[in-house]
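Heads up: the protein sequence lines correspond to chains A and B, in order. 55 is the number that full-length UniProt numbering gives to position 55 of the first sequence; each next residue is one higher, with no gaps. 257 is the number that full-length UniProt numbering gives to position 257 of the second sequence; each next residue is one higher, with no gaps.
What the hints contain is simulated information worked out from the structure, not anything from laboratory work. Source: prediction; values computed, not measured. Warning: the hint list may mix true and false statements.
[As the list claims (entries may be wrong)] Only some residues are given here: those of chain B computed to face chain A with a beta carbon under 7 Å:
1) R298
2) A338
3) L341
[Stated by the list, open to error] Examples of chain A residues toward chain B, derived with CB under 7 Å:
4) P48
5) F294
6) R298
7) V300
8) P334
9) S335
10) A338
11) T342
Each residue gets a CB set at the ideal place from its N, CA and C atoms; glycine is no exception.
Number of protein chains: 2
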Amino acid sequence: MGIGHAREHAPADGRTRGPGSGEEGAHLDRAAVERAGRRLADRVWRTPVLRCDQLDARSGARLWLKAENLQRGGSFKVRGALLAVEHLAGSGSRGVIAQSTGNHAIAVALAARQHGLPAIVVLPSDAPPTKIHRIREAGAEVMTAGTLLADRVAAVAQLRELHGYDVIDPYQNPHVVAGQGTATAELIDQAAQVGVHLDAVVVPVGGGSAIAGACLAVEGRGVSVVGAEPQAVPALTTALRTQGPVTVAAGHTIADGLRPDRIGDLPFALAHRVVSAVVTVSEEAIADALRAAFLHARLVIEPAAATALAAALEHASRYGRDVGVLLSGGNVEPSLAASLLTGQETPAPHTTAA
Amino acid sequence: MGIGHAREHAPADGRTRGPGSGEEGAHLDRAAVERAGRRLADRVWRTPVLRCDQLDARSGARLWLKAENLQRGGSFKVRGALLAVEHLAGSGSRGVIAQSTGNHAIAVALAARQHGLPAIVVLPSDAPPTKIHRIREAGAEVMTAGTLLADRVAAVAQLRELHGYDVIDPYQNPHVVAGQGTATAELIDQAAQVGVHLDAVVVPVGGGSAIAGACLAVEGRGVSVVGAEPQAVPALTTALRTQGPVTVAAGHTIADGLRPDRIGDLPFALAHRVVSAVVTVSEEAIADALRAAFLHARLVIEPAAATALAAALEHASRYGRDVGVLLSGGNVEPSLAASLLTGQETPAPHTTAA
Numbered sequence: 001m002g003i004g005h006a007r008e009h010a011p012a013d014g015r016t017r018g019p020g021s022g023e024e025g026a027h028l029d030r031a032a033v034e035r036a037g038r039r040l041a042d043r044v045w046r047t048p049v050l051r052c053d054q055l056d057a058r059s060g061a062r063l064w065l066k067a068e069n070l071q072r073g074g075s076f077k078v079r080g081a082l083l084a085v086e087h088l089a090g091s092g093s094r095g096v097i098a099q100s101t102g103n104h105a106i107a108v109a110l111a112a113r114q115h116g117l118p119a120i121v122v123l124p125s126d127a128p129p130t131k132i133h134r135i136r137e138a139g140a141e142v143m144t145a146g147t148l149l150a151d152r153v154a155a156v157a158q159l160r161e162l163h164g165y166d167v168i169d170p171y172q173n174p175h176v177v178a179g180q181g182t183a184t185a186e187l188i189d190q191a192a193q194v195g196v197h198l199d200a201v202v203v204p205v206g207g208g209s210a211i212a213g214a215c216l217a218v219e220g221r222g223v224s225v226v227g228a229e230p231q232a233v234p235a236l237t238t239a240l241r242t243q244g245p246v247t248v249a250a251g252h253t254i255a256d257g258l259r260p261d262r263i264g265d266l267p268f269a270l271a272h273r274v275v276s277a278v279v280t281v282s283e284e285a286i287a288d289a290l291r292a293a294f295l296h297a298r299l300v301i302e303p304a305a306a307t308a309l310a311a312a313l314e315h316a317s318r319y320g321r322d323v324g325v326l327l328s329g330g331n332v333e334p335s336l337a338a339s340l341l342t343g344q345e346t347p348a349p350h351t352t353a354a
Numbered sequence: 001m002g003i004g005h006a007r008e009h010a011p012a013d014g015r016t017r018g019p020g021s022g023e024e025g026a027h028l029d030r031a032a033v034e035r036a037g038r039r040l041a042d043r044v045w046r047t048p049v050l051r052c053d054q055l056d057a058r059s060g061a062r063l064w065l066k067a068e069n070l071q072r073g074g075s076f077k078v079r080g081a082l083l084a085v086e087h088l089a090g091s092g093s094r095g096v097i098a099q100s101t102g103n104h105a106i107a108v109a110l111a112a113r114q115h116g117l118p119a120i121v122v123l124p125s126d127a128p129p130t131k132i133h134r135i136r137e138a139g140a141e142v143m144t145a146g147t148l149l150a151d152r153v154a155a156v157a158q159l160r161e162l163h164g165y166d167v168i169d170p171y172q173n174p175h176v177v178a179g180q181g182t183a184t185a186e187l188i189d190q191a192a193q194v195g196v197h198l199d200a201v202v203v204p205v206g207g208g209s210a211i212a213g214a215c216l217a218v219e220g221r222g223v224s225v226v227g228a229e230p231q232a233v234p235a236l237t238t239a240l241r242t243q244g245p246v247t248v249a250a251g252h253t254i255a256d257g258l259r260p261d262r263i264g265d266l267p268f269a270l271a272h273r274v275v276s277a278v279v280t281v282s283e284e285a286i287a288d289a290l291r292a293a294f295l296h297a298r299l300v301i302e303p304a305a306a307t308a309l310a311a312a313l314e315h316a317s318r319y320g321r322d323v324g325v326l327l328s329g330g331n332v333e334p335s336l337a338a339s340l341l342t343g344q345e346t347p348a349p350h351t352t353a354a
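Construct all of the structure, not just a fragment, from the sequences and the given hints.
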């Protein structure tokens, strides 16, 4: 409780891409995740790890579903945001800025309100209305900028100049990454509490904070990390092939949370060292997994979470008998969910060729 | 484990309405529920008790949501069915028959398959296709008979005559009632494990097994029981007024699980003695609660469960600070869920006059 994170925090040094993203990850390790977990206890829900007979049967493995769709703010991102905002509030910050595809923004808005700090968030112009509504409800100011990560990063730089607020990078900030890692750490612990050693965890990959956190959480625990990303935006797959983050030409994906077209430097470095596989998932498989979660697990999950579930449904038996799945969030647009449920949504054909 | 239920089991004596429903409830008590809980451990999921900030804010209380929508078979009814079928299988039964609005039938089908017994279930002709599909998937034979409880009871009597199978009554069978009570008992225990004494539990009322089980589970625990039923089918409200079960003129309700137009004798007797309030819920409120569960709690619940949630959202603050809600099941028709999510479903106007 209240243990400082000074070791993991270093001032921006310009070596990484995004404004405010330059906090070094050098001291990030499993112990940092465990400290983050202690600080978050009683502030986030310890979400359940759920089982589902039908999904097990489909996957050929026992799936352990970490239901972060049931988390405060509807996604695991509140974990990292709470720690990052708390740190800034304790350093005399006058306000915070975040760019996000949605969930990090919701999380930062909620955390800023808790600490009485103003918050401005920058979203892509095609962000789901429900996510925008939730951010405004939490009291943050919403701006939109293009549809690409670079557009949002540029807008953040201007806003930072204008307001003098602090930027909380969604993929690089060490508090964010350590905080996001607590979801995977809890998943491993909760399985262990019922006597189960997870062979692997499957996590969705957008900008990379989930997989970065997972890479830290599994240190020394003998658990593999598998990333899942849309075929339409293979940012980590491409980065691993080219040995470094690159901006990919992004196709359309319903997984709005996984639209960042470039993996963060810190997530890349961790993933490059730790992950055992990255799976790309078709739009049909994402839609099908979202439906399966609804019909069989009775869970509302967003397409980003469905991407991880889809990867697990298809490949889990290759990873072992007991496989954890990070159901990262549940902020799905009701109209999208409705059309997926009634089979009216046909994913764009160009995403299914691979 | 393996403790016999012989004491609660007595042969049919014709004193109650349904065929096979005459098993006496005289020895049903909290201890019976606790024995049932021990027998069910490791055979049903210990479903989580969930919290949701937005639903708390709306209700003015802290709601503790027992997520039996996440249970095997998608509802709490697998609890009672497993015990009842196990008992019959141990007595040399050649097969089982059940009538149900859907969830008891799914549960009996799953339980019968586990014990290698054939099962025939009788549903109303307007039963949701998804429930019928799940029953067939579980290997049971499905028949339909009218839309009223009396129609199904008559069909069950004929089938019993024809096949010589044993009938598992959904509202009167003591194993069923004790089993259903374990859901409420777990809810109270799980809250207690985090230091919370529940002031009340809100349960949906159809034929009455949930409220009967709840009445047993709260014995000596200082927890009030509140029933919630659709305004369109006020079977318990009417029975309490007339001092005995009566068949009510049922209007249309989307809560297919709560369509039985008469409360069982045993549930009535227990409810009459124990419940502190019965709330009737409009169709709009049921639809609204189902949407709220989706949007805020990220849970897929069926309209029966939404009826209990609706009652809690409107009245929980009158019952105390900490109020449990039995989210009884999650077998909602995808097309209904989709239309509720997009606001296309307007409940029948005649149900909203009260």
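### Query
What are the numbers of the hints the structure violates, in ascending order?
As far as the earlier hints go, not one is violated by this structure.
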